[in-house]
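A.B. asks: Here are the chains, one letter per residue:
There are 2 protein chains.
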Amino acid sequence: MTTHSPHDSAIDPTHDPRLRCWVESANDPDTDFPIQNLPFGRFRVSPQDEWRIGVAIGDQVLDLAQAELLSGNASRVPTDMHALMAWRPQKRRAFRRALSEALRHGAQVPSTMRMALRAQAEVELGVPCEIGDYTDFFTGIHHALSVGRQFRPDTPLLPNYKWVPIGYHGRASSIGPSGESWARPWGQTLQQDGKVPVHTPSRQLDYELELAMFIGTPNARGCPVDMAQAESHVFGVALLNDWSARDIQRWEYQPLGPFLAKSFATTVSPWVVTMEALAPFRRPFSRPEGDPDPLPYLNSPANRAAGAIDIAMEVWIQTAKMREAGLPAQRLSRANFTDAYWTIAQLVAHHTVNGCNLRTGDMFGSGTISGPGEEQGGSLLELGQGGARPLPLANGEQRTFLEDGDTVILRGVCERPGARRIGFGECRGTVLSALLRGDFEVLRHGQNFVAPAYPVRT
Amino acid sequence: MTTHSPHDSAIDPTHDPRLRCWVESANDPDTDFPIQNLPFGRFRVSPQDEWRIGVAIGDQVLDLAQAELLSGNASRVPTDMHALMAWRPQKRRAFRRALSEALRHGAQVPSTMRMALRAQAEVELGVPCEIGDYTDFFTGIHHALSVGRQFRPDTPLLPNYKWVPIGYHGRASSIGPSGESWARPWGQTLQQDGKVPVHTPSRQLDYELELAMFIGTPNARGCPVDMAQAESHVFGVALLNDWSARDIQRWEYQPLGPFLAKSFATTVSPWVVTMEALAPFRRPFSRPEGDPDPLPYLNSPANRAAGAIDIAMEVWIQTAKMREAGLPAQRLSRANFTDAYWTIAQLVAHHTVNGCNLRTGDMFGSGTISGPGEEQGGSLLELGQGGARPLPLANGEQRTFLEDGDTVILRGVCERPGARRIGFGECRGTVLSALLRGDFEVLRHGQNFVAPAYPVRT
Numbered sequence: 003m004t005t006h007s008p009h010d011s012a013i014d015p016t017h018d019p020r021l022r023c024w025v026e027s028a029n030d031p032d033t034d035f036p037i038q039n040l041p042f043g044r045f046r047v048s049p050q051d052e053w054r055i056g057v058a059i060g061d062q063v064l065d066l067a068q069a070e071l072l073s074g075n076a077s078r079v080p081t082d083m084h085a086l087m088a089w090r091p092q093k094r095r096a097f098r099r100a101l102s103e104a105l106r107h108g109a110q111v112p113s114t115m116r117m118a119l120r121a122q123a124e125v126e127l128g129v130p131c132e133i134g135d136y137t138d139f140f141t142g143i144h145h146a147l148s149v150g151r152q153f154r155p156d157t158p159l160l161p162n163y164k165w166v167p168i169g170y171h172g173r174a175s176s177i178g179p180s181g182e183s184w185a186r187p188w189g190q191t192l193q194q195d196g197k198v199p200v201h202t203p204s205r206q207l208d209y210e211l212e213l214a215m216f217i218g219t220p221n222a223r224g225c226p227v228d229m230a231q232a233e234s235h236v237f238g239v240a241l242l243n244d245w246s247a248r249d250i251q252r253w254e255y256q257p258l259g260p261f262l263a264k265s266f267a268t269t270v271s272p273w274v275v276t277m278e279a280l281a282p283f284r285r286p287f288s289r290p291e292g293d294p295d296p297l298p299y300l301n302s303p304a305n306r307a308a309g310a311i312d313i314a315m316e317v318w319i320q321t322a323k324m325r326e327a328g329l330p331a332q333r334l335s336r337a338n339f340t341d342a343y344w345t346i347a348q349l350v351a352h353h354t355v356n357g358c359n360l361r362t363g364d365m366f367g368s369g370t371i372s373g374p375g376e377e378q379g380g381s382l383l384e385l386g387q388g389g390a391r392p393l394p395l396a397n398g399e400q401r402t403f404l405e406d407g408d409t410v411i412l413r414g415v416c417e418r419p420g421a422r423r424i425g426f427g428e429c430r431g432t433v434l435s436a437l438l439r440g441d442f443e444v445l446r447h448g449q450n451f452v453a454p455a456y457p458v459r460t
Numbered sequence: 003m004t005t006h007s008p009h010d011s012a013i014d015p016t017h018d019p020r021l022r023c024w025v026e027s028a029n030d031p032d033t034d035f036p037i038q039n040l041p042f043g044r045f046r047v048s049p050q051d052e053w054r055i056g057v058a059i060g061d062q063v064l065d066l067a068q069a070e071l072l073s074g075n076a077s078r079v080p081t082d083m084h085a086l087m088a089w090r091p092q093k094r095r096a097f098r099r100a101l102s103e104a105l106r107h108g109a110q111v112p113s114t115m116r117m118a119l120r121a122q123a124e125v126e127l128g129v130p131c132e133i134g135d136y137t138d139f140f141t142g143i144h145h146a147l148s149v150g151r152q153f154r155p156d157t158p159l160l161p162n163y164k165w166v167p168i169g170y171h172g173r174a175s176s177i178g179p180s181g182e183s184w185a186r187p188w189g190q191t192l193q194q195d196g197k198v199p200v201h202t203p204s205r206q207l208d209y210e211l212e213l214a215m216f217i218g219t220p221n222a223r224g225c226p227v228d229m230a231q232a233e234s235h236v237f238g239v240a241l242l243n244d245w246s247a248r249d250i251q252r253w254e255y256q257p258l259g260p261f262l263a264k265s266f267a268t269t270v271s272p273w274v275v276t277m278e279a280l281a282p283f284r285r286p287f288s289r290p291e292g293d294p295d296p297l298p299y300l301n302s303p304a305n306r307a308a309g310a311i312d313i314a315m316e317v318w319i320q321t322a323k324m325r326e327a328g329l330p331a332q333r334l335s336r337a338n339f340t341d342a343y344w345t346i347a348q349l350v351a352h353h354t355v356n357g358c359n360l361r362t363g364d365m366f367g368s369g370t371i372s373g374p375g376e377e378q379g380g381s382l383l384e385l386g387q388g389g390a391r392p393l394p395l396a397n398g399e400q401r402t403f404l405e406d407g408d409t410v411i412l413r414g415v416c417e418r419p420g421a422r423r424i425g426f427g428e429c430r431g432t433v434l435s436a437l438l439r440g441d442f443e444v445l446r447h448g449q450n451f452v453a454p455a456y457p458v459r460t
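Protein sequence lines correspond, in order, to chains D and Y.
So for the first sequence, this note's numbering puts the first residue at 3; every next one is plus one.
So for the second sequence, this note's numbering puts the first residue at 3; every next one is plus one.
Hints in this document: simulated from the structure, not taken from any laboratory.
Ideal Cβ positions, reconstructed from N, Cα and C, are used throughout, including at glycine.
Please note that a few of the clues may not be correct.
As the list claims (entries may be wrong) - Straight-line C-alpha distance at most 16 Å; calculated EDC-like pairs for lysine to aspartate or glutamate:
#, chain 1, residue 1, chain 2, residue 2
1, Y, K323, Y, E417
2, D, K93, D, D18
3, Y, K197, D, D51
4, D, K323, D, E417
5, D, K164, D, D295
6, D, K197, Y, D295
7, Y, K197, D, E405
8, Y, K323, Y, E376
9, D, K197, Y, E399
10, Y, K164, Y, D406
11, Y, K323, Y, E399
12, D, K323, D, D228
To be verified - Rough simulated footprint, nothing fancy, chain D against chain Y, three-plus residues with beta-carbon under 8 Å:
#, segment
13, 17-28
14, 222-235
15, 310-322
16, 416-422
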């Protein structure tokens, strides 16, 4: 039996698994970026350049401004990512179809189009767009439960969790691109005595396996978005690592929530997989027997029929020792976005229920997505049970929290029988050792973070 | 005995209380904007115009772009507020001096300069600049105590309060200008039974009396700002009303902090009083006997000598009934920014201690500033003791929380013997009745909020 849902109508010829692309690497069965994907991002050739809009295709990036002839849908291709993201869904779909047709094997391809391709490996991939407000949600119920057990043993899951899509505002300024390195943050943490804090580098650095959702069309301030329209405001999805300093968090987070425990770095992957590309991977959304129905403003037939999305998510680690020994990264855990307790549509409807305006380029985090099993935790806090059970690694090392030199890599992929597998690329970041006073001088040269030239102290 | 402090050296001829201005309204003893103030803001003549940078002088605004000749300090006057805000303190001081000299009574005034004046009443005053990230702190210890007593009777002041300048990220998209009206927000609130929530307009709307601080020069990501440099990153101070829906807040805020209870509207006053203008009003900063010393990264001799600022702050209300009866606004409470437990320098040093980057135009809220007395609460939650003791108004009405049609006005002023009094103008906002489903259609016309044309239902 197949599930008929409103999203089936969103499946169109661009999703046909038989389609092949004249960019040969896009036909590799293992590529994340076949012609059925077509995610958007920003790239540049040198740090002096303006960011340009690109589409990932195989191991290449198509420079949209150079490939302007694509705009068979009567509009010029914008050079500003926000302008493209703000397009209405109908226009986005038409553009996707034009892109798909132009990249299809056998298409009449003018030489200008071939010239608009560059190897992804040879360009710098940035944060997908300028991000206005960043909201981090808490949709991973297995994460909420296992972290809740550590922070509040008496009430791991608070009474509001199954009613309210819990979220909080995050820091937008310190969101950086995949591939970045950043220094272990300093902060206030409680000493052993549990009374007097000290100013020290964090000793409990962690990652969080999340998805990022980008807002496309905005809503007017004062005007809630209802469930029927909610997804039309979302442009697409990427991977997000919401790095966290657990010792700072534990001391600071009452009563107003996480602050400096998160704001030192948040890493986002370069490619935004559009809602259109995700159409074949929609799933019915339901709740465990006995859980309350969502309030009407968070409920709709379409959401029940296909509100969830099957995105397999993974965390990998490569420690400094692995790198030195020539060992590849090792997978730490797997989870799936269908494990989330709330859908994307519900997040949009809830965020705007009070009239809050979402702007083009605003970003949501899903919150850490963990699976139900102990080995499926989306953070080290879970996998290592808050330090109680260090996680053994294949090369003999173990981890309670991250150590200097650790590189964490998030991956995501959608697959199902009868559809072409599409992927999210990777979201990668490396922890450097804490800076000392003298090091800070190195950094006082400009507004933007530059990976410092000092060695990793391990 | 006078206190000699590092800030005394920041007092220069621009602060001379004897200075008079050739703009006659600036010499009115009651004006907030004498020649000793010179705050910056943005204005426009029609909604189609770009925002322009202005300086408030008496009841006029000086259009900086038109008054370009002022730039005797060799640089052109920027047309972008961020460019001006990002100037280093030395350049800002030189520009202030040039402005003061050009506006001084007896100065050679070219006619172009007189032509660059417009009545404030005839222009639209906006939010002072584009705001990137908004961080709301919690520096009002009397507020923290009295609200803590209501939300957590057992532990009103949490153990971290005297160590950590508690803060959280706020919503930037819904910050609006003084004079705005907005509709009572909908949200989830708990029913009487204390178990099942409902989707309803908030019944516990409140204001919060705060100051806003604007970041001028940015810091590089990864690079903490130490106490000695902290204030040089701050451009100036304005008034802020962090409207709050207490019933939504009580239900949603655990474990990640306030979210939709605040993000429907935050109102900021149009004029940013510069740190230079505030120099005569600096005060020593100290803590009650027995309280812990701040950790070294939050401590400095200059901060102890003059880290505090004497800013008298007030809340006024004008209800719909007062307006109909021709009655003026009534003052609800008074407090002073010297009641804050943390200084501006400490907020900057703390926010960046983990390497978080502050950008030009980022805004801090002080958190609600209340005085020590019961009648000095900076919110209705305090003045009305959470509903236990409705606040009587002079016209026979009373308030537990805000009602439809209420206008709340914040004011601020600095005065001391031997200095010219300067003020902040006002920060004003009006609560409209909750929108019904049909009303939302009215608002679906554009991205920006337009005061709706429907009547206030009282």
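A.B. asks: Next pair to validate is Y:K197 with D:E405; report whether the Cα-Cα distance is within 16 Å.
C.D. replies: violated, 43 Å
A.B. asks: Need the status of pair D:K197, Y:E399: alpha-carbon distance at most 16 Å?
C.D. replies: violated, 47 Å
A.B. asks: Decide if the proposed pair is consistent with the structure: Y:K323 and Y:E399, CA atoms, cutoff 16 Å inclusive.
C.D. replies: Given pair Y:K323, Y:E399 holds - Cα atoms ~9 Å apart, limit 16 Å.
A.B. asks: Is Y:K323 within 16 Å of Y:E417, Cα to Cα?
C.D. replies: Distance ~33 Å between Y:K323 and Y:E417 Cα, so the pair is violated.
A.B. asks: For D:K164 and D:D295, compute the direct alpha-carbon distance and say whether it is at most 16 Å.
C.D. replies: holds, 9 Å
A.B. asks: Hinted pair, alpha-carbon criterion (16 Å max): D:K323, D:E417. Please report holds or violated.
C.D. replies: violated, 33 Å
A.B. asks: With a cut-off of 8 Å between beta carbons, are at least three residues of the segment 310-322 of chain Y near chain D?
C.D. replies: Coverage by chain D is violated for the segment 310-322 of chain Y (0 residues, Cβ < 8 Å).
A.B. asks: Taking 16 Å as the top limit, are the C-alpha atoms of D:K323 and D:D228 close enough?
C.D. replies: violated, 51 Å
A.B. asks: For the pair supplied as a hint, D:K197 and Y:D295, confirm whether the alpha-carbon distance does not exceed 16 Å.
C.D. replies: This hinted pair holds, its Cα atoms lying about 14 Å apart.
A.B. asks: Take the segment 416-422 of chain Y, compare each residue's beta carbon with every beta carbon of chain D, and decide whether three or more fall closer than 8 Å.
C.D. replies: violated (count 0)
A.B. asks: For the pair supplied as a hint, D:K93 and D:D18, is the alpha-carbon distance within the 16 Å limit?
C.D. replies: Between D:K93 and D:D18 the Cα gap is close to 20 Å, so the pair fails against 16 Å, i.e. violated.
A.B. asks: When you check the alpha-carbon spacing of Y:K323 and Y:E376, does it fall within 16 Å?
C.D. replies: violated, 26 Å
When each numbered hint is compared with the structure, violations occur for hints 1, 2, 3, 4, 7, 8, 9, 10, 12, 13, 15, 16.
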